[in-house]
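Protein sequence lines, in the order shown, are assigned to chains A and B. Note that our numbering numbers the first sequence so that position 139 is 139, with each residue one more than the last. Numbering-wise, our numbering comes out as the position in the second sequence, counting from 1, plus 427.
Calculated from the structure, these hints are not laboratory results. As the structure is a prediction and not an experimental result, all values here were calculated from the model. Hints are supplied without guarantee of correctness; some may be wrong.
[Stated by the list, open to error] Lysine-lysine pairs mimicking DSS-like chemistry, simulated, CA-CA at most 27 angstroms apart:
| hint | chain 1 | residue 1 | chain 2 | residue 2 |
| --- | --- | --- | --- | --- |
| 1 | B | Lys749 | B | Lys735 |
| 2 | A | Lys217 | B | Lys834 |
| 3 | A | Lys186 | B | Lys979 |
| 4 | B | Lys513 | B | Lys602 |
| 5 | B | Lys771 | B | Lys726 |
| 6 | A | Lys186 | B | Lys602 |
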Amino acid sequence: MTQQPHWLDTLSRREVFGRVARATLGVGLVPVISRQLEAAVDGKKPHAKNIIYLMMQGAMSHLDTFDPKPGRDEQGETKTIPTKTPGIVFGQSLEKLAGLSDRLAVVRSLTTETGAHEQGQYLMRTSYPMINSIRHPAFGSWAVHAMGKISKDLPSYVLVGNGNDHPGAGFLDPSLTPVPVADPTKGLENTVRPRYLSEKNFDRRLALADRIDRDFKQRYAGRQLDAYNQLYKDAVRLMGSVDLQAFDIAQEKPEVRDRYGDSKIGLGCLLARRLVESGVRCVEVEFGSWDMHRDVFEEMDEKGPQLDRAMASLLEDLEQRGLLDSTLVVLATEFGRTPRINENAGRDHHPGVFSCVLAGAGVQGGAVYGQSDESGFRPDKDPVSVADFNTTIAAACGLPYEKEFHAPNGRPFKIGGGGKPISAVLA
Amino acid sequence: MTPKSSRKLPAWALLVFVALAALAVGAQPNATGSAKAARAANKMQRRAGQQPIKLPAAVLEEPTGQVMEVAAIDRSRRPQVEEAAKKIDRLLEKRWQEQGVAGSTPLNDAQFVRRIYLELAGRIPTFDETTRFIDSKGATKRTDLIDDLLESPDFVSHTYNFWADILRLTERPQKDVFFEPYLDWVKRSIAANRPYDQWVHEMLTADGKIWENPATGYQLRDKGMPLPYVDNTVRVFLGTQIGCAQCHDHPFDSWTQHQFYELAAFTSGTRMRVGGMPEKKSGLSREEMKQALKESREKNAEAVRQIKEITQQAQKQIRAKKADNGLRLFINANLTSVSSQPGKLLLPHDYQYSDDKPLAAVSPKVLWGDIPADAESLDRRGQFAAWLTSRDNRQFARTIANRIWRKVMGVGLVEPIDDFREDNPASNPELLEHLTDVVLALDFDLREFVRVLVSTSTYQRRAVLHDPTSPSPFHFTGPALKRLTAEQLWDSIVVLIAHNEWAFQRPTSAAFEKAAEIDLTAAGTSYETVEKAYNSFQDAYGIRQYRARLQKQYGFQGQVLVRASELPGPLPLGHFLRQFGQSDRESIEGSRTVATVPQILSMFNGPITHSMLVPGSVIHDEVMSHEPRQAVDVIFLAILSHRPSAEDRAFATQEIQSADTPQAGVGNLIWALLNTREFIFIQ
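With the rest of the complex left out, here is chain B:
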């Protein structure tokens, strides 16, 4: 700081923020019942001379112990990573030369630290993290930071949000499908950095109840919709849209309705109810499977009778209003179990093409290539999964390479990323094929792939404007300018408020199983046992009770101050995250980053902005722990991750001095920085 600015500033009173906070809290225009109650409580506290309000205790304390176990990065692989990054840079530079364009300006350290935190940790860096990085010396400080962040819980949280948008993750995708174990499994798979091909293979072939085998969640997401399931799966993992062919031959692609049904025939035998399920769950040949099924059906006759009795009793109670409808859903969830069974798929009765007859049985056939030889003896679903995730199925690797490229660089080499077609070629085919090779060479280690991409010099350049409607392709002279995703914005704001944004994490699969599992087929299970189990389940995980508990323990003015990845979804429409475009988790990649008026009103007057002015908030405490004359720098570093220019510093200081009170001036500055475009975009 310049001596000039320090000389003129009056000393801040300790009550700067206390006063501000009191004002901020009294000003909620759309107060909810609980906020009203809090206000009344505050009034009483103020009279008693206490601090006016407090953030929830749970988010005030620094975290203790390990937040999450995350697989370590192999630091010895750095030289290989650098080499792979250089190769990508060379391919891009070649293109720039051909086109006569130049790379954008390289990022300085302040710009880099903000970009890399948002990219890998899903949030802006804290004041400490920013200053430590900017002020440190050392040739490897950028690569060290990349590697540190890749093994942080923040990376897991951010990557979870990325997949939650693609896989449509929500607690209750259907009323009787309980997804908590699957959500936890996705999170843990990311933390363990499981190879992508194995991860996908497991999702496509998982059997059992969701808490026995959480990977079944992927198939259960489209429970009761076998044809959309195939469409979604091909779209997500193979970047190909065959959905139109469900009803008729694709109008502008080569897919026929017959091909769609041939592919669907692989998975149409998947069943989702218990009963008749073989004991051994995988690796069976088709013949063995049939035999096992028959035996298991005979063995389960008594169990089937018992289930029927309990279900009927439950229905009677519900009709008599002695139990609520949730009981039926709870029983259904306990009767839901995924298994693959032999089955025939018939063409629709209105099939209109000459190559086959309506209602003819369809034999399974893949869209391209062959089923791997070692999978030929597996059941149909196993064959499908083996084909889809095979190294020889290059489109599988190409799709994920393009998807991750778009996440990092802002624009896919093929756009939209789920519409690969002959007449929709890559803007740089050589680069896309190279990236596909990199993914294969890394054995589908996606975290390592991200490590390579963010280590390129191209990534570490200033963002470039991208116009999706421009007739000329994007040359990647730098990453495309992006607005923060809803989750990045939320998590950034949460770390400006909460000292412990990890105070709450979603339940583990094991904990959920303990509350939800009831064996309806076990000898002695009666309606009464089921009802009792249901009641205690509702207390713990009934969506309403669960939300209320979160609000009570971690809520502040209606906002639960924990990481976006841990909040139950879908969030209500008016939630900050939804305002800024978080997906409703109904359509694949439904999130958006477009501007709306309510977003701005929320930044202007919403409770989130005002939470920053409360004693105990991170930014409040940060400003208070510094000399008053450093306030301007602290606020800039905490919110925009750089020091102000001399001119801005002088202006901001002047602003604080000339405000009605200095405290109002500080509040004005924090508010102003949050309402810049610089804050919500990534340079």
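Here chain A stands alone, though its shape is the one from the complex:
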């Protein structure tokens, strides 16, 4: 296509784009990387093979969870409890996690500039700010791209939750898009062929659809249609798989479900554990409604224990099955909440400082990194950017975080966003 004069006159970002030749059509990334090469560099504990990413949407208050300020007015009604880690306290609702603090690495000095949910979540998930001209891949898509599939039939990346705002595979191949599971109790729905429909007839229907669709597919061959074409293939393969029972949490004993709790995060964590056991590379569990502008203490009483039960049970189960040595568990949120308690007894958006947690494979349990100032307002020591945090995740997985990957438009990107890994929290 020809270049527009006025387009070249505009500012830097576009100019860069304009001058970069588009290498190929489709996705011009290097093939899957051999992780062994990277892993050899440090020779420490084994890297994570699976990732479970728990996304607290709406911005989880750091003061009421992992970074309380006992004795300060800002603390409000949230009391604290001691943890297994000397000198470290959590918010009172995180009782079980407090008992597991020797497995956790808590980062208390994350800081960003983005106080809008959508942009904040995008940044957390992709390591890059949301811009107009490109869609970046979520971390899970990067991970699967670099590490490959484990199970042949099951999806390699599953998202438990809504997913509307999820960046998905971004500029990577559409097949790396997470498969959403809306309701963990229902798992993946509609996977069984109607009884009257034989496999032969099903194939026949597909062939018929293909044939009728050929002109349209040809005329509009491109990324939009490719995404659907690819997923039709995935869906067919999935329907025939015996591994599908991984999606069925009804196969768990009632006691187990009780232990995780009958909440979105509880059931989501249980499903995540089953999926990882069956060879799903990466699972993200969304848990919303942390946007506590009103009645933050009342709301925390409800949500805090739900998260506590779910995540603690997940860690215990993984450990018991020997999977915690190969699975990285991340607890993330898009930003923190204001130390000041507003007139509605709530807390507002606060990107200045917030906390996230790592656990499991590749992680130094019991570590607490960074600290916020006395009121929990800004980092006092060792500020951590989102890119640093995500690069740390990449390092825990043994991914080549320093390597440049080129998007179809020619621009270079790094897994984790080109930050510095926090060696103090890495095993």
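On the provided structure of chain A, position chain B as indicated by the hints.
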């Protein structure tokens, strides 16, 4: 049809679909309790020799009477519309010439009828509508159809979905904010085709309880969040993002935190509780307002005491588990009333810039331009609304022009449409300014603006691929290729199943008021009256009861078969509409059209696909009412809105003949067409 195909086909038995349906129904893998019960009932019916299953009676009958009152289109304005459309085409063609590109192929009638129904009615045309259009002659048939559709209830429904995504419309945006009156008001405003500037102005300045004045819903959407409210309002109506400046100076734009607070100072005086509200609600000067407030506070002392007593009693009952928590929410909703009051906005205590001190009071100031002279004596909120919606505030008109352009053409001239910035210029500034002029010349009549856009010859060309990450701009040699929105897909499928997709419409504001209103301040209102009112309210509009009733009357295998615009939101995550990307109504324009595996599984094996094979469904009845040899054509016309090519017809006919049974062959063909990319994209 060719004689060849008719000769070879065996005659279909009447039981074609009956048999298919029985099979389809027996095959639900994830049966819910109610589906299980239905299956048991079917078994019994089959034994008794009756039809195996039935769609709900409510959606089987053709509608009677008027569905909805919609403002008429002024047909005499057609010549002006044509002229305006030509002007836009000329501007585009000029650009094509400069760039050395050509317009895409003009749409044929079959492609046009599908596109225009999806665009204006939000669904595919029915078999009848398609054949009538394709087979009719006459030079004005396209423009006549456009004008007909613009005054149809379908247009209102589709436009409602469009705004519901932008305005984050849902029944309960917060647990104690009851939105039904506002949702009805939005729908009726669209039906009445109210000028956009007046409509927005009313939302920004409305006072009162939500059922007294449903337009207050806009302000209540962000109840308790005055700063996000300003951010959202500027983003939606002025296409500008100042949200970052809430906490600090904008990193890559010119907005400062001080400017954000100056703007927020206009609306930070908005209160949302009853008590202390002046009788007269608008048009007061600042001084008059203060006086009225004082008087009203004195007058209301007794009422305040009574409210307190009832609230305390309710809390006691809830604690004793004699009442549920919904009672507290019901009381809160009845205490919620929007009003504008004088108030000061202070800078945050951590304000870090040198131009002002932390906690300093901020004087209101608009982002650009001036407050219109005739609004200077109004209260702050009134000034803000007057400025925002003023004709002189060109960005207001420009934003909506770009938004509607994107809806029709698939890509905005500025993208994202809510991020106008100096370094994010329009891909065709001349065209955008012209469209802004058109919106102003039409006095913000948005329906008329849509009428102009769909009347352009550019719009009536084949869709073109658009790559949002491409470094070169889109030249609009045709509209961009789009997938159907979740609502378009749902409504298209519903009209393939239900004879009356309008069997249910959301409640009117008046009906809701009757159930919800209780005057807590009236003499003699006691806790008992409130509790009684709450119980009857719950029966009618408690979300759980409401959903259950819909399911019972209009549900089929867990799906309520009415238009997407009438379904309560947000829908559960696993609902067909959510699978295909309907917004959760929490973020502005949260809907998506990306592909996912569950969508495909749903089209393969889900209850919606199988509803088509049930006796009484539209497509079933359509096929049955034709000669067997016409089945292939009927199915193509009903689903893809065109006749098959000779080759496809022969192939499909062959397919039906060679299937295990002819009925299985027909089922296969319907299923196959629903699972084409052609069905879910707009050519």
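Problem - Hint numbers contradicted by this structure - result: Those not satisfied come down to hint 4.
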